[in-house]
Amino acid sequence: MIVDIMNMLFNGTLTGAVYALIAMGYSLVYGVGGIMNLSHGAYFMLTGYLLLWMLQTPFFIGLEWLTVVFALIIITVIGGLTFLLLVKPLQDSHVAVVIVTFGLAFLLEQVVLISPSGTEVWSIGQLRLFQGYTMVFGYPIVHQYVFLIVMSIVIVLLFALFINKSKLGKSIRAVSQDREAAGLMGINASRILLYTVMISALLAGLAAFLYLPGASLDGPSMGWGYLLNSFAVVILGGMGSLIGSVAGAFIVGYTISFTNVFVPYGPSWAHLVPIIIIIVILLIRPQGLFGKKELR
Amino acid sequence: MLEIKKIYHYYGKAKALEEISLKIEEKALDAVIGPNGAGKSTLLRVISGLEEPDRGKIEFLGERIDKLKAHKITKKGISHCPERRRLFFDMSVADNLKMGAYPVKNKEVYKAMKNFVYELFPRLNERRKQRAGTLSGGEQQMLAIARALMSKPKLLLLDEPSLGLAPKIKKRIFDVIEKIKQEGTTTLLVEQDAVLAMDIAENIHLLEEGKIEMRGTKKELEKEPRIKQVYLGI
Amino acid sequence: MEKLAKRIIAIVIIAGLGVGGGLGAWFLFLAPGAGEYSWSSKDCPGAPSGISSDQIIKFGITGDVGEITGDGAWEGCYLAAKEINEAGGIKINDTTYYIGVTREDSDEANPNLVTSRGIAAAERLVYNKKVQFGIGGFRSEALLAYQEVFMDNEIIFINTGAATDVFCENVRSWYTRYKYFWRSMPINSSSLGEQIFNYLFRLIYVLNATYSGEIANVGIIYEDLTWTEDLVTGIEYYFGPYGPLPAYRNMLTANIPYDVTLTAADMLTHVNTLMAADCDIVIPIISAQGGLMLMQHYATLQPNFLVVGIDVQSQLDTFWTQTNGDCIYEIQMQSIHVTNKTPTTIPFWNAFRAEWGHDPLYTASGSYDALNFIVWAINETQSLQAYPTLTQKMETATKANILANPELFPSSVGGLGAYWPTTHDLVAGYPFGFTLFCQWQANATKVIMPSYNSVYIDSQLSNIGTLILPPWLITDWTT
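Chains as they are written, first to last, in my numbering: chain A, 3 to 298; chain B, 269 to 502; chain C, 220 to 698.
Mixed in with the good hints there might be a few duds.
[Unchecked claim] Listed below are the simulated EDC-like cross-link pairs for lysine to aspartate or glutamate, each with C-alpha atoms no more than 20 Å apart in a straight line:
hint, chain 1, residue 1, chain 2, residue 2
1, B, Lys439, B, Glu407
2, A, Lys167, B, Asp363
3, B, Lys343, A, Glu122
Keep in mind that the hints were calculated from the coordinates and are not lab data. Model, not experiment: these values are computed from the prediction.
Take these sequences, add in the hints, and give me the full structure.
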């Protein structure tokens with residue numbers, strides 16, 4: 003029994019830590035610019051494949067850490083280009099933004115699919131920084147995942163610090179609260195949005211770097227599952243709320259792992275849980291746990 | 269300093285401003301008065317770049333600014349304190365002021381401006397850690413003006429600073445506006461309360477249905493029977 | 220105006236990317252395009268150039284393009300066609316014919332399955348490309364839908380990938396409609412379950428003799444999909460309270476069906492559940508990415524169980540690189556390996572590796588056998604008539620006939636290819652349809668396990684190796 007509880011707690015924390023990183027950026031972009039970026043899951047997927055492609059290149063043998071640096075830079079640039087080329091010209095229309103980012107996600111998926119390694123599942127375990135595990139109450143705690151959880155918490159804290167203390171962070175908050183007033187302060191809202199989308203892509207990339215070496219690349223379509231679950235997290239926590247996304251991520255994580263461990267035949271439908279959460283929250287509290295009164 | 273030449277602005281098909289021309293001299297305090305919906309706020313929004321005029325020219329210090337975006341105009345030295353304050357309600361008083369000083373790169377200037385506005389509004393200094401959303405209406409208006417001053421503007425645009433305030437507080441706000449004027453900041457004030465506005469402004473422009481109907485000094489306008497009747501209630 | 224211009228630019232960019240990508244893909248993969256398909260020598264590997272469309276016997280292959288299962292079906296058919304064409308094609312009433320092969324993407328390996336894509340693929344093959352025979356299939360849910368296109372048009376279709384029992388039960392229960400359906404690979408789910416049990420029954424017996432009864436619990440982890448249902452029912456029965464062998468009753472302590480879209484964190488939860496249930500042997504029944512996740516966690520956690528079961532991705536030699544070697548010690552079932560299942564197995568293996576550069580998947584060997592089976596029937600009957608001529612000829616490939624006169628029947632690489640005349644299902648059991656149990660061992664080698672004569676007669680097969688247990692497991696079982 004204690005092993006089952008440990009199992010549920012640890013995996014819930016693990017899942018929550020991953021979704022916290024992914025959902026935080028997703029929610030931020032929505033909060034600041036009202037932009038629903040459906041290619042967010044594709045950033046996560048693409049970072050994984052960027053790492054894989056580089057690891058398969060002989061040049062990077064012995065320089066594995068460099069692949070991480072490059073992958074994160076590339077994904078941040080792709081985030082920036084998404085905003086400049088696709089979102090910015092269309093941002094007056096929410097529907098157009100949704101359609102165009104949806105299209106981009108498909109495009110990235112197809113690009114990966116036609117690449118030489120797009121058709122198989124892959125491990126990028128070379129990038130694991132920690133090996134082995136420690137037994138706690140008869141339950142093996144995998145070091146790599148402890149690293150992930152700690153890093154995720156550190157990144158969340160650093161991010162909160164950045165948003166609340168730095169000038170850029172404060173400008174981001176100003177734009178999210180009143181874009182027009184921010185413009186009157188001399189803040190270039192469009193530039194701030196660009197930075198926001200880049201930061202969110204970087205967070206998705208960091209999530210991929212922390213999680214995928216201990217997990218696996220499950221194919222080019224893997225981004226969609228993460229997008230859907232982040233969506234559930236953000237709806238639950240409240241669109242645009244950072245505390246909400248972090249809290250929502252852990253709630254979704256624990257719910258999934260509870261279903262996996264304690265519900266008979268739960269693993270068959272654990273991934274329906276996020277969808278159920280979306281429906282229930284939209285019915286009883288559309289603004290989410292930490293959201294503002296109305297949805298923009 | 270600021271010269272507006274035959275500005276037209278439409279919201280869709282509705283005309284908001286029609287052939288507005290206006291000239292503001294350096295260190296002057298001008299007021300635009302007029303009834304609700306006359307286009308006073310639109311005029312300020314067009315100057316500060318929140319709206320692009322459909323026709324006409326705006327020149328600031330000899331430079332055309334009517335095609336620029338708001339954030340660029342702010343950097344040129346025009347600060348717009350918008351209607352209904354538009355504070356960053358989830359941020360502290362100090363952070364609101366910091367945002368106001370966004371274009372200021374020099375730390376010394378920033379400190380000087382901060383001291384200046386805290387001197388102007390000692391109340392804000394007491395509440396600098398408090399969230400802007402929790403301030404009273406008068407304090408919020410003070411913060412809005414203080415925030416607009418933080419960028420050390422050459423031209424300050426004030427939109428309805430007295431809106432929704434008790435007479436006593438209105439008075440205090442207007443005292444401050446006069447003080448700002450004395451410090452040498454050129455100000456364009458938009459105000460519904462004509463009595464107050466005419467008390468402090470050197471030049472007064474009457475805006476009705478998108479057109480400037482009359483203009484002059486307090487003494488000149490006081491003689492006009494229509495002004496007396498409608499705006500001064502004498 | 221400026222805004223409008225920018226908006227138009229954005230639309231043009233995304234449209235350009237989309238259309239450009241689409242056109243590129245079209246020219247790369249789907250040329251020569253829509254409309255009536257014109258068959259020519261380029262569809263006939265190994266055939267002389269300039270042959271006309273009516274000289275081609277047209278085979279359509281369904282499968283997921285770009286996924287190992289669908290590619291396997293294509294690669295097997297391609298190789299079979301090439302060998303036949305290079306040998307001069309086949310003669311029907313003194314006219315020479317060549318084998319043409321074409322494929323359509325049924326997208327059936329997609330975890331978020333859309334069955335209409337499979338139907339569309341089958342329709343393109345039948346109506347647009349006018350194929351005379353169909354080969355392929357992998358995901359039962361998809362095949363159940365699109366097999367109807369072939370049945371509607373009275374085209375013989377040989378399933379080379381989906382294990383669910385029901386396909387061939389249809390042939391028995393509604394012969395007039397489903398008589399065109401066959402299965403050359405794999406043996407059906409129930410038989411797979413039976414062969415896993417037979418093997419495990421002997422393996423557990425042997426291990427318990429060495430490690431004094433340490434093996435007491437068994438767990439299963441499987442994709443919650445149609446194809447696993449019959450198999451799981453079988454295993455639940457064999458290791459359940461009413462199992463046929465008393466000593467193996469109630470051994471099943473963990474039973475985990477999972478949704479195919481699972482993440483690695485979910486799989487970690489499941490592996491921990493299996494560990495918590497004290498499993499000594501875990502049976503995966505997995506066709507997709509779950510297998511890699513399972514073996515990754517296995518390598519990290521070194522749990523006290525042995526993995527023995529079905530892991531389709533693990534059948535390919537590339538699995539070792541894909542997992543970074545984490546798949547070591549996994550024992551999984553595959554249709555062929557470098558051993559003399561039949562006299563043609565090893566030549567096929569070598570020819571396949573020479574053609575494609577990797578090992579054949581079960582869909583590859585099954586499709587190779589399927590195409591040869593049909594060509595054999597055409598050759599024997601000198602006819603292309605699906606029913607009754609070809610079907611009735613194919614129905615003579617029974618167990619009894621093959622045992623009596625093996626030389627009269629086509630050679631087959633996956634085992635002697637015998638079919639039940641009433642269900643058109645591959646006959647299971649040595650020496651016909653049987654699986655090999657292979658273990659990943661050090662240095663990316665895959666070794667055929669002795670089955671202790673449970674599934675195959677070990678002494679009759681070449682290259683049988685020895686079982687190697689993970690060191691941590693030996694420690695656990697000996698202390």
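These are the hints, each one checked on the structure:
1. B:Lys439 / B:Glu407: Holds, at about 13 Å.
2. A:Lys167 / B:Asp363: holds (9 Å)
3. B:Lys343 / A:Glu122: violated (54 Å)
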